[in-house]
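The listed protein sequences derive, respectively, from chains A, X, Y and B.
Counting from 1, one number per residue, gives the positions in the first sequence under the numbering used here.
Counting from 304, one number per residue, gives the positions in the second sequence under the numbering used here.
Counting from 602, one number per residue, gives the positions in the third sequence under the numbering used here.
Counting from 852, one number per residue, gives the positions in the fourth sequence under the numbering used here.
The set of hints was computed from the structure by calculation and includes no laboratory data.
Quantities reported herein were computed from a predicted structural model and do not represent experimental measurements.
Hints are supplied without guarantee of correctness; some may be wrong.
[Unchecked claim] Here are the computed lysine-lysine pairs in the DSS-like style, where the Cα-Cα straight-line distance is at most 30 Å:
#, chain 1, residue 1, chain 2, residue 2
1, Y, Lys838, A, Lys291
2, Y, Lys725, A, Lys291
3, Y, Lys726, A, Lys291
4, B, Lys918, B, Lys1020
[Claimed, not checked] If we take Cβ atoms under 10 Å as the criterion, some of the chain X residues that face chain B in the derived model are:
#, residue
5, Thr315
6, Arg448
7, Val564
Where a beta carbon is used, it is the ideal one built from N, C-alpha and C, also for glycine.
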Amino acid sequence: MDYFLNLINTIGIHTLLGLSAYVLLLTGQLSLAQAGFFAVGAYTAAILTVIFGWNILPAIGLGMLSTGSLAFLVGFPALRVRGLMLVVATLAFGEFVRMFFYNFEWRVIQEGVEVGPEGTMGFSEIRYFAEHGWTNWEVTSLIWVFVVIVMALIWWADQTRSGAVLRAVGEDELAAGTVGIDVMVTKVAAMTVGGVIAGLAGGLYAHQITMLDHHAFTVLLATFAIAYPILGGVSSVFGTLVAVIFIQGLLVEGLRFLGDWRMLLFGALIVVVMNVKPRGLFDSQMLRWIKNALRLRFSRGLS
Amino acid sequence: MDDFWFEFVEITQSIGDGFLFGSTYALIGIGFTLIFGAMGKLNIAYAATAMAGAYSSLAIFIFFDASLIIIFIVSAASAAILGYLVYLSCFRFIPVHNHLAAMMASVGGLFFIDEVIVHTTRGSPLSFPSMFAEAYFEVGPYGIRGDLLFVFVIGLISTGALLYVLFRTRLGLATRAVAQQDVAARLCGMSIHSTNSTTFAVAGLLGGIAGAMTAAAVGILSPVMMLPLTIKGLIVTVIGGLGSIPGAIIAGLFVGSFENVVMYVRGIDERDMYVVALLFVFLIFRPNGLFGKTITRD
Amino acid sequence: MLEVRALSKNFGGVKAVKELDLAVNAGDIFGVIGPNGSGKSTLVNLISGVFSATSGDILFQGQSLSRLSPHARVRMGVARTFQNIRLFPGLTVWQNLWVARNSAEDIRAEGVSYRWFRKGGPVKKEIDNMLEFSGLADKGDELASNLAFGEQRRLELARAAATKPRLLILDEPAAGMNQDEIRDLDWRIRQLRQQGMTIILIEHVMDLVMGITDRIAVLNFGSKIAEGEPAAIQENKSVQEAYLGQSKDD
Amino acid sequence: MKRFTRLASTVVLAVAVTMPLAASAADRSVKVLGWGAKSGPLKSFGVNSEAALRSAIAQINAAGGVKLGDGSLAPLEVVSYEDSACKKDQNIAILRKTASTTDAIVGMGATCSGSCQAMYGVLQKKIDDTSDSGVQMPILSDTCIRPGLAKISEWAFRNVPNEVDMYDKLFAWLRSENPGVKTFSGGTETDQGHSFITHTAIIVQAAVRHGFEWVGPSVPELGPKVKQGMKELQAAAKTQHWLMGDTNYSVQARKIKKQNPDMILVSSHPFSACGFLKEMQRRKVKPKLLVGLTSSASQETLNGCMSAAEGLIIPTGFAPITPEAVSANEIVSEAGGFLDLHSAAAWENAYLVKTAVEKAGISATSDTVAEDRRKFRDALASISATAGLIGPVTRDGATGEASKPYVYVQVVNGEWKVIHDPRG
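In isolation and in its complexed conformation, chain A is listed as follows:
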């Protein structure tokens, strides 16, 4: 059971990471900075619980706050550029953050042992869950409470005008400007929200994995962050979840029994999916299909 809970936790965390990119993707922005925000959130939360002995919730909260404000500040200069330029700019930002933690050292003595981030040696023994006797069920529910809340919020916002405005900017920036939408503000807002969500994911990740170092926050992670919403499709938040289950559940864990052939299949399957379903696994037609299915179910239920 333990194993499946662990897998579910991973899926939860990666879903949050994917959603942080999803929000930006709505406005047509492709950001590789999410891994950077993820890292900042992770280190902040971990430092607060390990060095300052905070409770995990405020720790993660402060982590989200810091990543949010960081994203806000980065947003203004970064979003001046578009398309590939933005991809590379955000990629560079992510690398910058990574290298910061690669040089970042803050060791303190606690009960005779030295704890805290130690540059390239990493930041180990973030054992909040274990030390406070959290069972896996509790960890899983903590993570998924957050996942559900975030998904619900985004899904709901998507029904409201704010969601429509985000998508409008994503569809056609110029037209959006000429109907009175402040494109810059919209984008920066999306960036900030994305940052907050990535920070949340990072905070949870740090305590789930118990050890942080710069290897965990490379371009690879950033690529995964955008891969989820792209693979899943931006027509619905559930797309991201589906994609995470596809990658983490199927490709990474599910195919483990294939041994060293697994990773070969990994890349190939991504290529195949993008060719078969360019708009994502969970595209609008799939959405319609499901809606109809549900409607049928209901009507049957009523009659």
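Mind docking chains X, Y and B on chain A? Use the hints.
Okay, now just chains X, Y and B, sitting in the frame of chain A:
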């Protein structure tokens, strides 16, 4: 005074070495920029195809003990084929306007190529032959590596050849036409797909040479080189200005020397930070890169 | 209402608009005509803020627009449509109008939460009326991309109107329309004027322009060669040479 | 088509999820589960260790297997050997999978220090600490050489050479052998925690201790904080740095050429060690002595830069010097792997498991897994010495750190040759 001269020599030497190494970045940058210029799309798998080309040429060397020139040719050829395959699998059948899907597919391509290489080589670093490895010229206080010079020259030749193809042949004309106005080009009866695939093949050729160059310059091939090379290539592309070949060349050489000087002055821990900072400076003060055209189309 | 002073726009060496002066009175339907490449669309882009002028100034109700970004100009009451339709294809018809509610009074009227997170109330009523007016009442939940060409034109017009502009600029709204559609468009434009909008109409279809406008400015090679009542313009020699010339031969 | 893909993926998923469950039905045998990198750049780790582990266990079973608590003999069974790609989260996933979905009494992974560091973190720190909800599963790692990992959990055991001791003796010996060698210099890769800390805190310090002097200014003793000490060291001694994925080593090589030391340390994995060695070769840097990081005492180094590595001296935990080592070496290479300091540890661990099982007297039934694991762990903790391939492996009960014998090997004519056995 003496140690001033000492420092001066050292720094200029660093610039020189970096400059020579920069030629590999330049070629990778050109590859990215070619494909972006032609399709407006990002082929993440590009550097991977380059390295794959180098690997296949290494196989030729190991099994048939071919000369270095052959190696470069083989590397270029196989990378060209790979480039075409990448086009088929990641771009050809994906809707033209769906840039995200195409990019994602090429990411998948990168993972796949990378893993194939690891699978066949067990990820072990492999020794790569280099010509004139023994030639090391001492010019006054300076030292120049013969094989690096050789690599650099090959870089120049291939770039020259590319420019000739682009600006003196019909193929090049078509490519640039498609790049500038694909609709108009289609109306003139050009096949977008054939042009694109040739672009990928040509880019692949360069990539293969770049891969072999890098391998020859370092002397080894290892899968851990792939990601850093991809990132550097992208940075060079952007600094040079999207779709600008001279831009990519100059940016490549520039980044090469810049990072090497920083390496000398500040050390490894800060080298890449400074490169990234350099990129930011460009994005803020020259958002379209060195030679990028300003995009005014609405 | 709108005053354009010595407005110029260069693209590299090309002078798309040079030293242009215009004055549009409140409540008018003001026509702008001219051969292709005479700078009409550039003028629209300059007024709506898509391009920034090389020199000169644009005054809207006495305030200069030149420094303002497109959305700020919309908030002041200047809206436009595009020659090549630019809807939000992935949004529904209803949403296309919804996101366009950015007029000063809307922002004032709807509270923040109401504005961003609620669909009902006056908002819904107004948008439904707008759809009614555009003959799209039954298509509210369609994706904009699924509409027929004529419907898309009507939707874009409605979207521009949804920003409650005081000045509405229509960039060749009749392009590609048949007679009935043009007649229908004519009626709509008059309706909008009824609602108190001042309208600038850039158009090639002469009968529409001549029939509906109060004043007409004629552009050629980026500068104004004539301005006046439709009738006067039709008589104007230089206009005929520059533009109506060919129609005299048959 | 689409429907088909949907169908296919669901089927695969179903199979995938039921897979681990399928593993847990079996008769009476002592189950172990191993993992390592079988994909990614470090693939060789996993491949070699798996070959070593499987062939050692095959050998044990051929000899009758292991004695259980009730005196009966049962075979050792490798439930599976998973691919962790040396990724932290995957290692943790496998650890939890092993603990919760299999009857394995010990998990045997996973070579890479970083992975182990994360993995040990999810284990229970202290046994019998009920307030600690960490996983209770004995882990016996091959290598994971980064110093001080054992303290993270009492459930974690490693089979690693004691680097401090290893290099201390190495330089003592080099000192006596090469009185002519005075100055030294060198470099390391800073993005690999193990290489970095070993270079800083162990190798350089040992060299200094034995009277080699760093070219130019003298090297300070390290401060309390390693990274800080590293900075001082760099400031004072101008040690060279690079990254594992680098392609240009010209600056570092030139600086060392300028220093012109008698001895050069290359504390780096084969990937970058080879790049650097080749650059030095081209720049005509010819030191009297060349000393490397123990992780480079492997086939990869020879693949990467046989000629440039000529003369490289490395202390290693494995070399075919004893009959056991020789035969093991042959068996493993038949099984398609190389026996080096990493995989040799995997081989030895198999025998360590045998000893511990027989000491613990477990009953190896599916309903006694929990106590079997605990018994096994205690037995493992109580073992202070076992027979390794090239000599007894001892373990310090207090720190939990193992220390195994080692020899000094050198690249001679493109092959690893044993040049000295410190045990005399």
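To see whether the hints hold, each was checked on the structure:
Distance restraint check for Y:Lys838 and A:Lys291: the Cα-Cα separation of roughly 64 Å exceeds the 30 Å cut-off, and the hinted pair is therefore not satisfied. Of the supplied pair hints, the one linking Y:Lys725 and A:Lys291 holds, its CA atoms being roughly 24 Å apart against a limit of 30 Å. Under the criterion of a C-alpha separation no larger than 30 Å, the hint pairing Y:Lys726 with A:Lys291 is consistent with the structure, at around 27 Å. At roughly 39 Å between alpha-carbon atoms, B:Lys918 and B:Lys1020 are farther apart than 30 Å, so this suggested pair is violated.
Look at X:Thr315: its Cβ only gets to about 12 Å from chain B, farther than 10 Å, so that hint breaks. The beta carbon of X:Arg448 is positioned within 10 Å of a beta carbon in chain B (closest approach about 6 Å), and the interface hint is therefore held. For X:Val564, the interface hint holds, the least distance from its beta-carbon to any beta-carbon of chain B being 9 Å, beneath 10 Å.
Hints 1, 4 and 5 from the earlier list are contradicted by this structure; the remaining hints agree with it.
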